[in-house]
Amino acid sequence: AQSVTQPDIHITVSEGASLELRCNYSYGATPYLFWYVQSPGQGLQLLLKYFSGDTLVQGIKGFEAEFKRSQSSFNLRKPSVHWSDAAEYFCAVGAGAAGNKLTFGGGTRVLVKP
Amino acid sequence: GAVVSQHPSRVICKSGTSVKIECRSLDFQATTMFWYRQFPKQSLMLMATSNEGSKATYEQGVEKDKFLINHASLTLSTLTVTSAHPEDSSFYICSANPRLAGYTQYFGPGTRLTVL
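Sequence lines, in order, name chains A and B. Under this note's numbering, the residues of the first sequence are numbered 42 to 155, in order. Under this note's numbering, the residues of the second sequence are numbered 8 to 123, in order.
In isolation and in its complexed conformation, chain A is listed as follows (with noise of 0.2 Å):
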């Protein structure tokens, strides 16, 4: 069965500064792998995803993440963090014969301080 594994609960990045939220996932074939963002009383929001191809992918708000075979790992990615960016992010990977069942990561918890 798949896994997903955010090693980071919380993290607190300045504004402007970098930011880099960790996953790892476990599965038997090729993943599909997806990043979310759950804010305060939205829904879950996708960032990027990653079926095939490029192992960068580049995804909305500027976030882009690296799929690493040899690590098991879809890292997310931000140069330069915005206050708006304090959420709850989640990785997933996708399973099933239509690889659209979703398990997801315990998630990554983004503070901004000012």
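In short, the hints are calculated from the structure, not lab data. You can trust all of the hints, since none of them are fake.
Stretches of chain A that chain B covers, calculated by requiring three or more beta carbons in the stretch to come under 8 Å of a beta carbon on chain B: (1) 82-89; (2) 142-148.
Chain B residues, not near chain A, derived (Cβ > 10 Å throughout): (3) 22; (4) 89; (5) 95; (6) 121.
The C-beta atom is built at its ideal place from N, Cα and C for all residues, glycine as well.
Please arrange chain B on chain A, whose structure you already have, making use of the hints.
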């Protein structure tokens, strides 16, 4: 595009009653819809997968007689929590997988259920 709505956003009910939550894809047809449960400060746990016109597939440990799922059309799925108890209090989130859109799921804003 790809907007998913849920109704109600919050509901409070008495123990023993049933509650229905609706999930609608507003601007696309969804071949598959999913229901998740999220406990406070925790991740999302998949409860069930529903395909239009067929029975839902429940994850291990999820009581199908307690959490009734109906996927009546390509834009509507409902979750009914039957004979609700305080331990059913949670945040319920649905998502939808558009047709011809690969494996991406779009999520609703969630429904906060409180059972007194």
